[in-house]
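Make the full structure from the sequences, and use the hints.
Residue numbers (our numbering), protein chains in the order written: chain A, 1 to 349; chain B, 350 to 698.
Take these hints with a grain of salt, some might be off.
What the hints assert, rightly or not - Pairwise CB distance ranges, derived in the manner of DEER restraints:
1) B:Arg478 / A:Lys43: 23 to 31 Å
2) B:Glu651 / A:Arg126: 37 to 45 Å
3) B:Arg478 / A:Asp147: 35 to 43 Å
4) A:Val345 / B:Glu627: 18 to 26 Å
Everything labelled a hint here was simulated from the structure, so no lab data went into it.
Model, not experiment: these values are computed from the prediction.
No residue lacks a Cβ here, since even glycine has one placed at the ideal position from N, Cα and C.
2 protein chains.
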Amino acid sequence: MTRTDRPGPGDARSAARPTVEDVAARAGVSRGTVSRVINGSPKVSARAREAVEHAVAELGYVPNQAARSLVTSRTDVVALVVPESLARLRSEPYFADVITGISDELASTDLQLLLTLVRNEDERERLTRYLTARRVDGVLLVSVRQDDLLPDLLEQLGMPAVLGGRRSERESLSYVHADNAGGARAAVRHLVGRGRTRVATITGPLAMEAAGARLAGYREALAEAGLAPEDALVAHGDFTEAGGYAAMCELLAEMPTLDAVFCASDLMAVGAFRALREAGRRVPGDVAVVGFDDSVIARSTEPPLTSVRQPTEAMGRLMVQLLLDEIAEPGRPRRQVILPTELTVRASA
Amino acid sequence: MTRTDRPGPGDARSAARPTVEDVAARAGVSRGTVSRVINGSPKVSARAREAVEHAVAELGYVPNQAARSLVTSRTDVVALVVPESLARLRSEPYFADVITGISDELASTDLQLLLTLVRNEDERERLTRYLTARRVDGVLLVSVRQDDLLPDLLEQLGMPAVLGGRRSERESLSYVHADNAGGARAAVRHLVGRGRTRVATITGPLAMEAAGARLAGYREALAEAGLAPEDALVAHGDFTEAGGYAAMCELLAEMPTLDAVFCASDLMAVGAFRALREAGRRVPGDVAVVGFDDSVIARSTEPPLTSVRQPTEAMGRLMVQLLLDEIAEPGRPRRQVILPTELTVRASA
DNA sequence: AGCGCCGGTGGGAGCGCTCTCACTCCGTGT
DNA sequence: ACACGGAGTGAGAGCGCTCCCACCGGCGCT
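So, in structure tokens, the structure goes:
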């Protein structure tokens, strides 16, 4: 490690920032009028408005948000809360996509995005204090588990909030989520349609509703096709590559005759690929594989991965829209949106 | 798309939040003393401190940050600015790792992280206003390009800032970056050491210093080995998988006899793998491949990718440390840290 | 001519906090 | 016994903004 020292910033700090008062003096109007112009009130004459705008430009005036917040009690910040171990953020393209969508949608507002990773009790408590202090106008919460108490806290605080996913079918908060069961059904139907009869699945962590729904969809499609469910065809993963690998090894050991596997995430499918390769099974010749997410990696595996596409980015965008509505109209009814999924067929199945 | 409406939040909003005044009354002391206790001033008697702490707990008092900000002009927020097209955030594990490190290090402070994606002029202007309004205490800036003006703005505003990477060797701001040239040299030496004599490279976008440094390292190692540089051995990518693929195709067309390729990012290496596979070349038999980043994907490619490891997460952490120092002591000298890189050898080279 | 009205404006009040300063009450030194 | 200092405390003064209300003038109406 090399360190170099260079001269400091040389104190380029410019003179004190102008305030409304300064602008008012410059424009020859009162503070009230300046405030009205800044906040786009219609009750200002064209003359006054112009004078103020002029003064603002000349002085380089920028409102002090802290002062504004103090009186309006709005912060113009929304939090994205990710209750996840670092391992996932790192590898799951899901988060990056959601963030992209969120950030995109936020760009047209003047809200900023606070990113909060909650990985342990300490951080959770810190977040609780933060929310209690109402330092954000609203919260986006992704990747919630069924027993997560954060949503309850949000509800109790009367804090506008939108979930990405839901805790259960009777979720009380607003949420946006994908039709997980439907996607899983489509995946398994596809597999069955290609003549596979021993279709296994690698699930996500069942504490997440999405994972449970994907498993349910898998079972439904199996039943539909008249195939008997078997415990040995179900292995549990945790949405990671390593988890997928381990689960695939397990499946191979317990049910060597399987000819297809539906993975509840692309990343787990990548792990499954690796296990299959090591076991000398060919994809899709010996075993057909379908993933879930249709993330970037699905395109670059060998062979390319057939996967259930969920509109992750659109979900992020929609979450923001719902949240904005809820912020604008605090008491409004919760809204719950389910977005369709779609099977993208590639070479792996 | 399905929509369901449920009853609203039922206005669970609790009574008005208590203020210092309330706490003071409850504890039988003055506002000043409460403030001192809250902010951990030593000039408070044990008796008073206890009374205040009691009152705080009873009332569930949480300081109003806006009011505090207004007087201290600190915000307890730092921004992470990512001037990148969405495409990269999505796929590059680099960002996720940096964010993890940053978030980790921030967890032990009471600072929050604002995530700001700057993808076009509009967003850039929005950020400028935001920074000018001093709505953050400091800025972390990653993935800067050489001609980026954001760092200049930061400097001009006297805003504490730390770059991840640098614009050039005589960067004026504080930064943390990896020894890119050294890593590239190590990669190419390794290739040459394995008897490869026609070593190509796929560069990153040369507007980024890191990409330039990796190319420079490649050239140095080649010279060291007495191998002549050839233009046909250099193709330009953009750090994406697709870019890597295109660059590899180009290399294959112009220099079919190449026997190794050093890719300036793992993701581009994945693209190169694909191109090589399609061209019927074996890795590492026909062509040895080395990547850069040693990200998660390096472990799960087929064959696993030899890659230059840069301590991305540690870089994120270190960036925060430098920034905290700079916030604590505004005029302090800039610090510039170069972290070593290391070659992780796997099957691809 | 007089009334009300309404678009437009100015200024006081106050959001909740920290900071500074003056003050009190001790113990200590002479 | 006295002044002296230091530790602890209370209260006033703002930070920069929005909100509210009182106000001003000119218009159309009776």
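Evaluation of the provided hints:
no. : hint                            : verdict
1   : B:Arg478 / A:Lys43: 23 to 31 Å  : 25 Å, holds
2   : B:Glu651 / A:Arg126: 37 to 45 Å : 42 Å, holds
3   : B:Arg478 / A:Asp147: 35 to 43 Å : 42 Å, holds
4   : A:Val345 / B:Glu627: 18 to 26 Å : 20 Å, holds
The structure shown violates none of the earlier numbered hints.
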